[in-house]
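Novice: Using the sequences and the hints given, assemble the complete structure.
Chains as they are written, first to last, in the numbering used here: chain Y, 1 to 98; chain R, 1 to 216.
Calculated directly from the structure, the hints in this document are not laboratory data. This list has only true hints and no planted wrong ones.
Calculated from the model, a selection of chain Y residues having no Cβ within reach of chain R, i.e. all distances over 10 Å:
{"#": "1", "residue": "A4"}
{"#": "2", "residue": "A7"}
{"#": "3", "residue": "T38"}
{"#": "4", "residue": "I39"}
{"#": "5", "residue": "A53"}
{"#": "6", "residue": "R56"}
{"#": "7", "residue": "R59"}
{"#": "8", "residue": "E96"}
{"#": "9", "residue": "A98"}
Just some of the chain R residues that point at chain Y, by a computed CB distance under 8 Å:
{"#": "10", "residue": "T122"}
{"#": "11", "residue": "L123"}
{"#": "12", "residue": "V149"}
{"#": "13", "residue": "R150"}
{"#": "14", "residue": "E151"}
{"#": "15", "residue": "A154"}
{"#": "16", "residue": "D165"}
{"#": "17", "residue": "E168"}
{"#": "18", "residue": "V169"}
{"#": "19", "residue": "V171"}
{"#": "20", "residue": "H172"}
{"#": "21", "residue": "D173"}
{"#": "22", "residue": "T175"}
{"#": "23", "residue": "A176"}
{"#": "24", "residue": "D177"}
In this text, a Cβ means the ideal position worked out from N, Cα and C, and glycines have one as well.
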Amino acid sequence: MSEAAPARFAPGQRVKVRRADVPGHLRTPWYIRGHVGTIERLCGAFANPEELAYNRPGRPAQPLYRVRFRQRDIWPDYHGTPQDTIEIEIYQHWLEPA
Amino acid sequence: MSSDTHAHHPHDHAHAHPHPTLPDEEERLTYHQTMEVALRELLIGKGIFTADELRRAIETMDARTPALGARIVARAWVDPAYKARLLADGAAAARELGIEMDATHLLVVENRPGLHNLVVCTLCSCYPRMVLGLPPDWYKSRAYRSRAVREPRAVLREFGTVLPDDVEVRVHDSTADMRYLVLPERPAGTEGWSEERLAALVTRDSMIGVTRPTLA
Chain Y
1 MSEAAPARFA PGQRVKVRRA DVPGHLRTPW YIRGHVGTIE RLCGAFANPE ELAYNRPGRP
61 AQPLYRVRFR QRDIWPDYHG TPQDTIEIEI YQHWLEPA
Chain R
1 MSSDTHAHHP HDHAHAHPHP TLPDEEERLT YHQTMEVALR ELLIGKGIFT ADELRRAIET
61 MDARTPALGA RIVARAWVDP AYKARLLADG AAAARELGIE MDATHLLVVE NRPGLHNLVV
121 CTLCSCYPRM VLGLPPDWYK SRAYRSRAVR EPRAVLREFG TVLPDDVEVR VHDSTADMRY
181 LVLPERPAGT EGWSEERLAA LVTRDSMIGV TRPTLA
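Specialist: Take a look at the structure:
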């Protein structure tokens, strides 16, 4: 992991998932794009799966975060209590400061 | 099978009672099954791995069962220092018990009063195979994958798990490089139990988070 992009976000920071529509092998689910959540932790840096899928090296490695969202923010008609949450792994290049 | 059919069909035994038959031919391969066979034969043909190496890898994976995860949970229930190491680095703590983890990054998420964790992989079927073995079919179904994030409480109810409103349900979508194991709450009434006896309470489903271990 010597070639890793530097981590831009810290736990507790608010981030927005890019609302991008790009072709290829992606690990960012549709339902979370465009939503704002909070960095829960940095999981480390991993080769970019969008590159690995096409047999490319995926370097520099991308910092990968756990991001926590409130269910009510994602699904306006969510049936559950306001404190229910969802956590998703998202690579740094899909995140921007919120 | 009617006696009329027997009359037109030579049969090597004489009894006349009907018995069910199994089709000789399995259903046709689907597109992806055909692709799997083609890819496997190419990889073996090109010498990337041998048929025996592939068989051995499948055998090793098939030998993994939820009993591995149950040992981890039971140890965490009786040993607070182990639990702390498990929550800090799941794979290292699993290796302490002699469980081979390869390159798996294991995140252990702890249920506690007021918090219930549930694991899903909406994009495919990522699953902590090193500690639970192969996933159940429902875990890979489109219905579970889409509904576990959209209406987790309804899904939990269908598994018989009804949670009060003051318990936060936290869904973990296993989208990338981490694998998740739920550390359930130790049931009341198990004080003084041995690790082996405790491990027997820990089911696969409770480590995915769709149920909670009980004494029943």
